[in-house]
Amino acid sequence: MTRSSDRRVEIRTDPLLTEKLIYSVGPQHPSLPSPLELRVQADGELIERISPEVGYMHRGVEQLVTQRNYAQAAGLLSRCEWLAGSNADWLVADAIERIEGIAVPERAQWLRTLVLELSRIGNHLFWFGNLGLEAGAYTPIFISLRERELVLDLLEMLSGHRHHHGWIVPGGVRNEPPADFSGLLRAFCASFALRLDEYEDFFSDNAIWINRSELIGTLEPEFAFEHGATGPVLRGSGIAHDLRRDQPYAMYGELDVRVPTGEFGDVLDRYRVRFMEMRESLRLIAACLDNCEAGELRNPDVNPDYAALTVSRGEVYTAVESPRGELGLTLVSDGTNRPARMHLRAPSLYHLFLLDELCRGYLLADLFVIYGSLDIMIGEVDK
Amino acid sequence: MLPVLAMLQQRYDMSEARTMWEALRAWLNGEPLPGLRFSPEVSNGIMLVTALLFIFFLELMITIGLQVWERRLMARMQGRRGPQEYGEVTPQRYRRIFLQVGSLLGLPAVLYGLQYWSGGTADAAVFGTWAIVLGVLGIAGLVSRRFVLPALNANVNANAGFLSILKFKAALFSLLAMPCLAATGGLVAALLLGLLPKFSIPYVPQLTVLCTVLAFVLYMTYMIRFYWRQGFYDTIKIFFKEDTVPLNADKLLYLIAPILVYIPALLSWVVIPFGVAAVDGQIVYYMIQDLNVGLLLIIADFAMFLVAVIMSGYASNNKYALVGAMREAAMLLTYEIPMLMALLCVAIFAGSLNLTEIVQRQSMTWGILPLFPAFIIYLVVSLAETNRPPFDLPEAQNELLGGYLVEYSGLRFALFYVAEYSNVFIVSAIMSVCFLGGWKGPMFLGLDGLWLTSLFWFLLKTYAICFFFIWARSTMPRIRVDQIMFFSWKFLLPASVVVMAATALGVVNKHPWFSANQLAVHDVDVTALQDVTQFQTLTTAEALAVLTVQQKAFFWGYNALCLFFGLFILVMAWRILFVKRVHPQPRREVSWNA
Numbered sequence: 035m036t037r038s039s040d041r042r043v044e045i046r047t048d049p050l051l052t053e054k055l056i057y058s059v060g061p062q063h064p065s066l067p068s069p070l071e072l073r074v075q076a077d078g079e080l081i082e083r084i085s086p087e088v089g090y091m092h093r094g095v096e097q098l099v100t101q102r103n104y105a106q107a108a109g110l111l112s113r114c115e116w117l118a119g120s121n122a123d124w125l126v127a128d129a130i131e132r133i134e135g136i137a138v139p140e141r142a143q144w145l146r147t148l149v150l151e152l153s154r155i156g157n158h159l160f161w162f163g164n165l166g167l168e169a170g171a172y173t174p175i176f177i178s179l180r181e182r183e184l185v186l187d188l189l190e191m192l193s194g195h196r197h198h199h200g201w202i203v204p205g206g207v208r209n210e211p212p213a214d215f216s217g218l219l220r221a222f223c224a225s226f227a228l229r230l231d232e233y234e235d236f237f238s239d240n241a242i243w244i245n246r247s248e249l250i251g252t253l254e255p256e257f258a259f260e261h262g263a264t265g266p267v268l269r270g271s272g273i274a275h276d277l278r279r280d281q282p283y284a285m286y287g288e289l290d291v292r293v294p295t296g297e298f299g300d301v302l303d304r305y306r307v308r309f310m311e312m313r314e315s316l317r318l319i320a321a322c323l324d325n326c327e328a329g330e331l332r333n334p335d336v337n338p339d340y341a342a343l344t345v346s347r348g349e350v351y352t353a354v355e356s357p358r359g360e361l362g363l364t365l366v367s368d369g370t371n372r373p374a375r376m377h378l379r380a381p382s383l384y385h386l387f388l389l390d391e392l393c394r395g396y397l398l399a400d401l402f403v404i405y406g407s408l409d410i411m412i413g414e415v416d417k
Numbered sequence: 022m023l024p025v026l027a028m029l030q031q032r033y034d035m036s037e038a039r040t041m042w043e044a045l046r047a048w049l050n051g052e053p054l055p056g057l058r059f060s061p062e063v064s065n066g067i068m069l070v071t072a073l074l075f076i077f078f079l080e081l082m083i084t085i086g087l088q089v090w091e092r093r094l095m096a097r098m099q100g101r102r103g104p105q106e107y108g109e110v111t112p113q114r115y116r117r118i119f120l121q122v123g124s125l126l127g128l129p130a131v132l133y134g135l136q137y138w139s140g141g142t143a144d145a146a147v148f149g150t151w152a153i154v155l156g157v158l159g160i161a162g163l164v165s166r167r168f169v170l171p172a173l174n175a176n177v178n179a180n181a182g183f184l185s186i187l188k189f190k191a192a193l194f195s196l197l198a199m200p201c202l203a204a205t206g207g208l209v210a211a212l213l214l215g216l217l218p219k220f221s222i223p224y225v226p227q228l229t230v231l232c233t234v235l236a237f238v239l240y241m242t243y244m245i246r247f248y249w250r251q252g253f254y255d256t257i258k259i260f261f262k263e264d265t266v267p268l269n270a271d272k273l274l275y276l277i278a279p280i281l282v283y284i285p286a287l288l289s290w291v292v293i294p295f296g297v298a299a300v301d302g303q304i305v306y307y308m309i310q311d312l313n314v315g316l317l318l319i320i321a322d323f324a325m326f327l328v329a330v331i332m333s334g335y336a337s338n339n340k341y342a343l344v345g346a347m348r349e350a351a352m353l354l355t356y357e358i359p360m361l362m363a364l365l366c367v368a369i370f371a372g373s374l375n376l377t378e379i380v381q382r383q384s385m386t387w388g389i390l391p392l393f394p395a396f397i398i399y400l401v402v403s404l405a406e407t408n409r410p411p412f413d414l415p416e417a418q419n420e421l422l423g424g425y426l427v428e429y430s431g432l433r434f435a436l437f438y439v440a441e442y443s444n445v446f447i448v449s450a451i452m453s454v455c456f457l458g459g460w461k462g463p464m465f466l467g468l469d470g471l472w473l474t475s476l477f478w479f480l481l482k483t484y485a486i487c488f489f490f491i492w493a494r495s496t497m498p499r500i501r502v503d504q505i506m507f508f509s510w511k512f513l514l515p516a517s518v519v520v521m522a523a524t525a526l527g528v529v530n531k532h533p534w535f536s537a538n539q540l541a542v543h544d545v546d547v548t549a550l551q552d553v554t555q556f557q558t559l560t561t562a563e564a565l566a567v568l569t570v571q572q573k574a575f576f577w578g579y580n581a582l583c584l585f586f587g588l589f590i591l592v593m594a595w596r597i598l599f600v601k602r603v604h605p606q607p608r609r610e611v612s613w614n615a
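Protein chains in written order, with the working numbering: chain A, 35 to 417; chain B, 22 to 615.
In case anyone wonders, no lab produced these hints; they're calculated from the structure. As the structure is a prediction and not an experimental result, all values here were calculated from the model. Warning: the hint list may mix true and false statements.
What the hints assert, rightly or not - Only pairs whose alpha carbons sit at most 20 Å apart, straight line, appear in this in silico EDC-like list of lysine to aspartate or glutamate:
hint, chain 1, residue 1, chain 2, residue 2
1, B, LYS340, A, GLU71
2, B, LYS340, A, GLU391
3, B, LYS188, A, GLU87
4, B, LYS511, B, GLU357
5, B, LYS340, A, GLU82
6, A, LYS54, A, GLU330
7, A, LYS54, A, GLU82
8, A, LYS54, A, GLU79
9, A, LYS54, A, GLU71
10, B, LYS340, A, ASP77
11, A, LYS54, A, GLU96
12, B, LYS340, B, ASP271
13, A, LYS54, A, ASP324
14, B, LYS340, A, GLU53
15, A, LYS54, A, ASP77
16, B, LYS188, B, GLU91
17, B, LYS190, B, GLU91
As the list claims (entries may be wrong) - Quick list of simulated restraints, FRET-style, between CB atoms:
hint, chain 1, residue 1, chain 2, residue 2, range
18, B, ASP503, A, ASN209, 47 to 57 Å
19, B, ASP503, A, GLY329, 55 to 65 Å
20, B, ASP503, A, TYR90, 29 to 39 Å
21, A, GLN75, B, PHE576, 50 to 60 Å
22, B, LEU354, A, PRO64, 52 to 62 Å
23, A, GLN62, B, MET199, 56 to 66 Å
24, B, GLU263, A, GLN97, 34 to 44 Å
Using N, Cα and C, we set each Cβ at its ideal position, and we do this for glycine too.
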């Protein structure tokens, strides 16, 4: 018996039987850089329902951190959000500082703010290139990674690492920036403002892109709020909510953070909000550099050995306005050098489950543009 | 009507013209070499095999070259090094090869010039063209050395992107400046003074051929060594990949679909006229077969492509492939009608579907001038016709994972890709034949070098269109499928109908705007050929001077149509180049209370 005669064919009794197509997008798919499966039920190309299947990248980070010290926990958490890893460092350091009541020197606070804003630019650059690919344009990824490389070089100069910096530690920051750092950062800011104009000339005003994104994937502000959307996704829907302005942390209280919002909550609004955020970040970085005067880098009362640091019994929730939204951390400590429990509030998880509502009634091609506009990171979702 | 218009309607007698294969067949059967005579049956078989092998290798070479060029060009546009640029390519090396090839090509020019100065056999037109070409090159080089290159060197943005290509070219031109200016000065001085003694140099045509072949070999060796190597390796590698068939596929259709995609792509090469040569007083075209329905054959080939793609999408038993095939079907059905309308304009204008005749009709004015709207329509449609971005919906890499290609591997996958790039070249060739005058251009090597100059102009125009294809790919996002439909049915189709009606009206009324070109071949000095009548020729401008009122009214009406498309392009260019756009900035928002 040959192989071809062995195969089973489902016999349909009804010759006019039609079925809904169910596409299984992922977990290996060029548009999804990280493993995620989207079960898309569609009538031809018209999307009727999407159910995201998560868990392909589950590493059990929340359990793993309970068996490791705080330095290692911060490293593991930054592996959940690798495009802007300093946010996780800041969360762990801030949670410890809150429990222990540690004061952070002003200079260290300015430097922390600077690094957070720089990683925001780096993340948004990667998002821009990726969104271009989702929309079928091949060039944005190359021109945006060209500038992201400079951002990574600057962060590497500062901390010795390109992605998981571990530069923000309890009580301050790890080391003094190199002597030529601020000059190079200013040069980068000057050239990057021009580069942003170049991106917008190249892509934002493109008629095809406007057609692909205008009034596509509209998100109502009430719906967004009820479903826990934060960050650019919420601001794109017209709600001016930003932790940097509303619950100022680090040195954002001293800075006048302007919060851009969208009008219709569509892909184009989220796109524009992120571009305006990059311009705003540039302004904030310049302000940080101006205010960053000589002073202490680290509180001398804190144990300089991060791995041996013990945290007294307590529980705290702290949140940071990460490039994707409100990234929160609940830390329960039990007086040892290991956390008793940690929970990461990942904005991507909330945004991922908006996808069903956003894509319903749009075409298959729109799914990828909408997915790109949400800027979802599976490392955060699966943890 | 005036005798001028009557003259305009006369046709150039091309009964003496042959394709190179007919000439070869005549030579194989012919009288001059009795020892090598074949029987007609044998020679026909040999001709068939030779022709098939010829187009196969030609297609392979050109498609590989096109892919490699595309990768390099996109890498430059995107400001990265690209996979093809190895470390060995230095400016010194490039300069050396450039000077070698340039001097090999310049030697015949100098010899022709010497002959002319001495009153030898070279004619004035050749000499004059050389002087003009060298002078223009020299002035362009001087301008780029003095103004363009310093400006680009000072510009930070010129290190990457489109400006970097310009910078590279400007550097090359500035290299050329001084030698060209010196040569022009010498030519003009010699012309004015007439001081040189008269002499004639033997074997100049043969030397021209030798130098050209040498330069070509040198250049190709360089290109293969430093740029094309990866392309050849990829081609060889893909022959050894496993050829898989999905389990529940419709096996027969699945296996023959790539062949059915490839055969039309191969067939279209039969009728493309690459150039023209004058051999023993006869005109010989570089094409396999000079079909009277050449244009129709190419249109039919594109329709075949659609059938094969649907076949592959259906037979793969894959949802993505099926959706890709359905998109392809919808898109091609939408775009074939405007494409046909645009090509019908050409057929009406030229009065023929024969591609060589279409080229000969454009002796005085290229078709792009009278048929400008049709050209724009075809330019847009050809992108969709070849599945190139921004119309690459059927194989959308990041939506449908390659669409109908998703299940194919190995050689069958390669057949799809060779067919796609082959189609790009064919569409560009059609555009240069129908709208840009095919091989027409200043024939600066005279009758002896006609074979080379005609090829040069044809390939230059074709690759200019290919450049447009690559440029569009690196610039545009992908259009959505319903937007494509709306654009075609609501804009392109009505526009193409109007354009075709206007063209037909103009041709039927014998309007000089459309019929000024129906005259003798311009590129061949026809007095040198025997038994060929030479007609008086008029440029479009001269012919327009003799218009009736009705014709003038039609002329301006049609020009308004041209103006619409022209203004569209001008406004786009103006917006892109000069308009300083204000980008949205963050503004202060009221606090939100929930």
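- Message: With the threshold set at 20 Å, check whether the alpha-carbon distance from A:LYS54 to A:ASP77 stays at or below it.
- Response: It holds: about 6 Å lies between the C-alpha atoms, which stays within 20 Å.
- Query: How does the Cβ-Cβ distance of B:ASP503 and A:ASN209 compare with 47 to 57 Å: does it lie in that range?
  - Reply: Holds, since B:ASP503 and A:ASN209 (Cβ atoms, about 56 Å apart) stay within the stated range.
- So does B:GLU263 sit 34 to 44 Å from A:GLN97, Cβ to Cβ? The hinted range 34 to 44 Å holds for B:GLU263 and A:GLN97, with Cβ atoms some 42 Å apart.
- Item | Cβ separation of B:ASP503 and A:TYR90, checked against the hinted range 29 to 39 Å | Distance hint for B:ASP503, A:TYR90 holds at roughly 32 Å.
- Query: Hey, B:LYS511 versus B:GLU357, does the alpha-carbon distance stay inside 20 Å?
  - Reply: holds (14 Å)
- Message: Holds or violated: B:LYS340 and A:GLU82, Cα atoms, limit 20 Å.
- Response: holds (16 Å)
- State, for the Cβ atoms of A:GLN75 and B:PHE576, whether the hinted interval 50 to 60 Å holds or is violated. 58 Å Cβ-Cβ, so the 50 to 60 Å window holds.
- Task: Take the C-alpha atoms of A:LYS54 and A:ASP324, compute the straight-line distance between them, and say whether it is at most 20 Å.
- Result: Roughly 60 Å between the alpha carbons, so the hint for A:LYS54 and A:ASP324 is violated.
- Task: Given the hint of 52 to 62 Å, check if B:LEU354 and A:PRO64 actually sit that far apart at their C-beta atoms.
- Result: Given range 52 to 62 Å: violated, Cβ gap about 28 Å.
- Task: Below or equal to 20 Å on CA atoms is what counts here, so check B:LYS188 against A:GLU87.
- Result: violated (50 Å)
- Under the criterion that the straight-line Cα-Cα distance not exceed 20 Å, is the pair A:LYS54, A:GLU71 satisfied? This hinted pair holds, its Cα atoms lying about 18 Å apart.
- Given the hinted pair B:LYS340 and B:ASP271, is their alpha-carbon gap at most 20 Å? holds (14 Å)
Checked against the numbered hints given earlier, the structure breaks hints 2, 3, 6, 11, 13 and 22 and satisfies all the rest.
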